[in-house]
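For the record, the sequence lines run as chains A and B.
My numbering applies: residue 24 is where the first sequence begins, and numbers increase by one.
My numbering applies: residue 24 is where the second sequence begins, and numbers increase by one.
Because the hints were derived from the structure by calculation, they are not lab data.
Treat the hints with caution; some may be incorrect.
Identical chains share a label here; the pair holds if one copy fits it or two copies do between them.
To be verified - Distance condition first, Cα-Cα at most 30 angstroms in a straight line; then the derived BS3-like pairs of lysine-lysine:
1. Lys446 <-> Lys276
2. Lys396 <-> Lys385
3. Lys446 <-> Lys88
4. Lys495 <-> Lys370
5. Lys331 <-> Lys266
Number of protein chains: 2
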Amino acid sequence: MGKQNLTLLTDFYELTMMQGYYNNKNNEIVIFDVFYRENPSGSGYAICAGLEQVIDYIKELSFVKDDIEYLRSLNIFNEDFLSYLENFQFTGDIYAVPEGTVVFPMEPLVKVIAPIMEAQLIETALLNIINHQSLIATKASRVCYAAAGDPVMEFGLRRAQGPDAGTLGARAAVIGGCIGTSNVLSAKLYDVPALGTHAHSWIMSFDDEISAFRKYAEIYPLNTTLLVDTYDTLRSGVPNAIKVFEELRAAGKMPQRYGIRLDSGDLAYLSKKARKMLDAAGFTDATITASSDLDEYLIDSLKAQGAKINSWGVGTKLITSKDCPSFGGVYKLAAIQKNGIFIPKIKLSENQWKITNPGNKKIIRVYEKESGKVKADLIALADEEFSPENPLLLFDPLATWKKTYLEPNTYTLRELLVPIFLKGKCVYTSPSVMEIRDYCAKEQDSLWDEVRRLINPHIVYVDLSVRLYRMKTDLLDSLAEQTSKSTGK
Amino acid sequence: MGKQNLTLLTDFYELTMMQGYYNNKNNEIVIFDVFYRENPSGSGYAICAGLEQVIDYIKELSFVKDDIEYLRSLNIFNEDFLSYLENFQFTGDIYAVPEGTVVFPMEPLVKVIAPIMEAQLIETALLNIINHQSLIATKASRVCYAAAGDPVMEFGLRRAQGPDAGTLGARAAVIGGCIGTSNVLSAKLYDVPALGTHAHSWIMSFDDEISAFRKYAEIYPLNTTLLVDTYDTLRSGVPNAIKVFEELRAAGKMPQRYGIRLDSGDLAYLSKKARKMLDAAGFTDATITASSDLDEYLIDSLKAQGAKINSWGVGTKLITSKDCPSFGGVYKLAAIQKNGIFIPKIKLSENQWKITNPGNKKIIRVYEKESGKVKADLIALADEEFSPENPLLLFDPLATWKKTYLEPNTYTLRELLVPIFLKGKCVYTSPSVMEIRDYCAKEQDSLWDEVRRLINPHIVYVDLSVRLYRMKTDLLDSLAEQTSKSTGK
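Please model the complete structure; the sequences and the hints are all you need to start from.
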């Protein structure tokens, strides 16, 4: 069985607008940017993810007969337009930031250059996919940062917002740093490790706890992790686990990896007690896994209290990004081509920082040469050239008196947007998820530790080039003039 | 294209446990209950949803060749077990509460009676589906309650946690009370209204706002809703919309439904001003739709301030249930059959209220005869009989001195669980989503207004029958004895 065709995964107004453009014979080439305005969970950065699924979606875009019949049945679309849809395919260009890249607010993560009817259709699915996976990858990155090198396993499928949220969410969680997932479908689809051992029901289906432990150790001799909190963690679970480990040791059958899992109670207290009991019995290399309503804040706090946990299973609060369950990516018109030239467009707002950046843009990442750490990002026009052999002016677009000059040869530059589709043809091959995970780890290493702090992190500046800044202020001036004219005020 | 086969949509430990049971030749009939412990968002109730997708999932359960090969590649499953999986199908019984039913904590929403290997496999997908849709249906019910009869449209696809979260979430939102969704795929799949008009980009793609409005009105003469906040709501958007409505009126082409949509700014202030401007021009029946980061609390607050909004588009905060993005449904073993008799099982916890209810159970809803409103729910053993001609004792299972006697013939009773699968065969036909929506509206009407209050609602009691209560306390006593014996304390 294949996947659901997602061509109709769009907002109804995209189709009504498309028909409007069709009837109006208006299908100019436009530029739309996907960007977001605020990092989720108070983070100092986000991790971009979901591009592979965007690529699949664009490649498979096609209104099948059934879709057309459904649209016809709504009695709002005319036959000419429906015929156009029957032959629909994406013919434009798409540029995007590779998955796993560290990104910041206001940067175009995806740039679509296409006839307006095509660019409009794909808005909703693009946002849905990028918003979801970037949200979970960012959350996972924070959770793994708190775990400070301990392995983190994604365990959230049962509480995810539907099958895709579990499966694509696990994919994103691995990109962000998890070592694998309990979700078998995701493990299969994205070739990432499938992880997990047994549940309370395993224990309860036996007459007593130790029989359940013995049987489990017998069947899974390579990795024996025993869940110790079904009846009484310290009085029953841990002593029974130790008894089984002792039996295995006596029989010369010690598992390569073994340990216990705590799933309830106070994890700091229980892990310290359990560690002492295990150590006293000579099981100093037994792993203590914890898995009870964890997130980056609780892991950080448990670590600060010296909890003896060295493996983490994180479920609900990671797979739903519980404290911030949406990523605010938007899709805004940046330019319209007239007579072969892109006319920049801007969307006003009462909030200065919500005003969009016009024109055909690119992102330049500026690294400090000495440390290799990210100094700032620069949003510039696509045809601007920069060289690290020149001095570079950085200034805050909302407070232009905040200026920094970088001396020549003290910094390096990198362009973040790469071509994904050109004239409708895919020109990009997605790396494997585990490769993206490695790349993402390097990306996170390029951040100062201050930017990764879980609470109130240092903010990386995202500046505008001088040319882009001027284009934007000129447009704002002329729009203000136009509005007061049209209302006669 | 069909849907993804979801057979592997399970936690890895379900499969390792299954192999454990297989090797142990232990495949006894067991009973598992799906229930939850706390209503989401501080609600006084929840709406159960997702059953139709559970049914589809169970019907389609089957390990295809590709799945088996994948599992074999993990080098943890033996060939005997893999052959068993190749022939796997669900052979058990499932009882469930119909979709759209009002439910309360601790009640078995789904009851699975099946060989333990089958019951274990389906745990994760059942929870994933029921948790997600019940969460969103409950949220939608609250949002619609706040809207107090105004239509509420589901607009959240772009911020949903992946494609399914958008599509199945929209289904659940309609069950909870929304009149339709912007998500075309969901509208098609579940036969619910597709809704929406146009975006800011439509306006920006024209030389000026009024040309964009005129063209839109020309193309969509039946329902002309104009988005008025692209440039300046009160100085440009509303005056231009009024101008277009005046032109249509002059031409005798007034749309059947028409109005404006506000998508930013202060909705109370803008809607009152816009209402006055529309009324002054004679457009007293123009709809004012609002759609900017809404949820039940903001709608309630806007209503309290006399905002002149009579149609609501609700996105992010509904489709993610932003203030509470997970529904805590769990799946717990309640009994194991030995020699044809169900032996009740219980899961201990340090928290009294987290201890599970053992045995084969049913839910009896008790209505006050006079008002038809829900008085309480009673969890009883499946073979218990109750008649409204007898007096009925209700008591709080955590504070047994809190007792109520209902007089004979002052109450009516209804059993909530209905058979869905019997011996692996589906015996239930799901109603259409719009039928479920109607049923759900009646269900919500059966609640006292005090239970529907958005904040700090009255709590409906969920009591245990005397027999179930005794079974539970007896089990707890014997378990406590057993634990102290096994640890020698």
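Exercise for the section: Find the hints from earlier in the document that the structure breaks and name them by number, from lowest to highest. Expected result: 1
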